[in-house]
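Asker: Residue-level listing of the chains:
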Amino acid sequence: MTSKKDFVKFDQVDKSYDGKVLVVKDLQLDIAEGEFITMLGPSGSGKTTCLMMLAGFETPTNGEIYLDGKAISSIPPHKRGIGMVFQNYALFPHMTVYENLAFPLRVRKIPKDEADKKIDKALSMVSLQGFAARMPGQLSGGQQQRVAVARSLVFDPQLVLMDEPLGALDKNLRESMQYEIKHIHESIGVTVVYVTHDQSEALTMSNRIAVFNDGKVQQLSSPDELYEKPVNSFVAEFIGENNTFGGEVSDISGGKCKVKLGNAEILANPISVKGKGERTTVSLRPERALINPSTKMDNLHKGKIEEVIYHGDHTRLRINLLGNPEFILKVPNSSSNLDIKLGNEINIGWNSDDARALDPK
Amino acid sequence: MSSETKQILTTDGIPLEVSLKKAERKNKIKAFLLVAPLLFFLIITYVFPIGDMLFRSVDDKMVTQMLPKTFKAMENWDGQDLPDEEVFAAFHEDFIKLVEDKREGKLSTQLNYTKNGFKSIIKKLRRASKKFEEGNYKEQIMSVHKRWADVEYWRAIQRRAPEFTGQKYLKGMDMYVNEEGKIVSVEEDRRIHRVLWLRTLEIAFFVTVFCFLMAYPIAHLLATLPMKYSNLLMICVLLPFWTSLLVRTASWMILLQQQGIVNDFFVGIGLVADDNRPEMMYNKTGSYVAMTQILLPFMVLPLYSVMKTISPSLMRAGKSLGGTPFIAFWKVYFPLTIPGIGAGCLLVFILAIGYYITPALVGGASGTLISNQIAFHMKSTLDWSFASAMGLMLLSGVLVIYWLYNKIVGIDNIKLG
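Chains as they are written, first to last, in our numbering: chain A, 1 to 361; chain B, 1001 to 1417.
It is worth saying that the hints were derived from the structure and are not from the lab.
Be aware that one or more of the hints could be misleading.
[Unchecked claim] Capping the alpha-carbon separation at 30 Å, the derived lysine-lysine pairs in DSS-like fashion look like this:
# : chain 1 : residue 1 : chain 2 : residue 2
1 : A       : Lys79     : B       : Lys1331
2 : B       : Lys1308   : A       : Lys79
3 : B       : Lys1124   : B       : Lys1171
4 : A       : Lys112    : B       : Lys1331
Modelling step: build the complete structure from the supplied sequences, incorporating the hints.
Answerer: Rendered as structure tokens:
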């Protein structure tokens, strides 16, 4: 299967609502065919605006959006053939589930028997056979959500947009729906553009994630790379948990740099620092730091346990380390032999590779 | 043991059910006391007047009580030829009593409603009766005036015998019970009420249609505009609502009269000639224009309250699924506004059907409605029972519409705000 690399293409797209503030700034984004891409960011970061421009409900102030090689800015929404799942489902409350699903097929004048087959298929895809005659008001939140997904797929669009579709569901339902949507995507190979502000949702579902902040894509990469290798301190801070040290680069050589924090010095991986004297924020994932490491690690410092929080499968320690009183450490609860007590001094070690020296906050 | 488990006791030994009732009774009494003022108010100002109106519209006791002996004697009369002496004697006896009480004038008015010509012959009878000799009243009464010898007039008296009558309702439909006791329509050129009923329905219907056509876009705009603009627009919609009805109607008179602002404007732009200004007032046009404007808020508000609850994402969903803006509107948005449309139309129609001041002021002769006729009978002819009958006919008309609406759309579907 040859899939197009730039099935959807945002080309230098700007968007402003009031002529004063740019909500989306110079957006450059290519989405490959069959990809599941997530736009992730805090509210007001411009991710939903991008989705609305793609759907056709907003027009770009500048730049152009291409769908399958065609510029679409001047095509009205109903001619774009893009499926969409809305935040609050947007099921038509006066129609049955069947009629909801038949709506996109009827406007396309698809004959009834063929439409019925498609509706059956779509309903079985979201395992809601037998619900066709119900009204949306008679369904639970999760079922309504699944109807909305089925409706967005029933007319076989090549592209489906999802705007925080799971936002209104409770945690357990949200998780099972995440897998369900992911499996549907895998089985039919449709391109999905998914918008969320929930990072764990983004990490579990996507092929690639575009992290939005301040109208710009901060980083576009696969979930693991995004987590392991954030390119700036916003992404490091936004995705997952993060320990930070603010300091100044005192030496940089051989793929490593020394960062001076007050009166101590740590070794770090220079990502966005170029030379001596630059301010930097060093980011380290909590699970990358170990207590009393058995193997040799090039950073080893003493810290004092300030707080112990029990979390069931693991215990979190808040440690005052090198002048940072908010240093978080995760200890799996199997290792009970460690000397974890409030006020104890412990040795903490980590590899300089995992400590990423990023832009200062 | 089993008897103990059947009845659950509270800690102080009272059966649970009893103590629950006791606890709830207080709340029930409180709740009742809270609504009691309104309940009594409703009974006094609503149930009682309507009941009285219903009674008045069919009440025909007056004549029955004025001529008790006559009607008793008439029970044996077949109504074919002139009644016997017995009836005349009874009538004379009743009449003398009325004359003593000075109530014979009322009798003449009442009988005159039934058949024209009673007024003068009763006056004559009063004067002649002073010189009547005892016995043979038939001859004596018949000699007063030739109409007393006409069997038609005696039949007319007999028709007033029942205590209750539906003739006012027939009159409201331009019908009456003729001499043979059949229900027939009055002559073509005397039918005024049917025309009025039809005109009332027509004007109410078209005012509803006009209100709907104008209110729908306004309500949609109100529901979709950002708050600061929609508030302003809402005030514009409500401003006439807060102005006195009379002031608004009067301002329409200023606008619509032949030398008025609208006509001046038409002449100014050359639409009509100065010596040929159209009449826009004292006819149906006046009623249409003024009533539509005055009733518009009653359509806007229910529509607005329904449209406010329709999520804009529904229209977007309709479009993203491939519906053109028109299909999205027609298949998705419009059906969801039906509760508001129903409420607004019902409200406007019911208000319009009983509208009074505006048509009275700007309607002229061809723009008055049935309510104006009711007022006319209340104030001018003082035929209150006829006014009551027409009022009840209007009320039952409204109830029929309400019932039809409930059958077609369902009343629980309605949303007033």
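Asker: Next step is simple, just say for each hint if it's right about the structure.
Answerer: Hint check results:
Taking the CA atoms of lysine 79(A) and lysine 1331(B), the gap is about 17 Å. The hint holds against a cut of 30 Å. With a C-alpha separation of about 28 Å, the suggested pair lysine 1308(B) and lysine 79(A) falls inside the 30 Å cut-off, and the hint holds. For the hint linking lysine 1124(B) to lysine 1171(B), the alpha-carbon distance of about 29 Å falls within 30 Å, and the restraint holds. Proposed proximity of lysine 112(A) and lysine 1331(B) is supported: the alpha carbons are some 18 Å apart, at most 30 Å.
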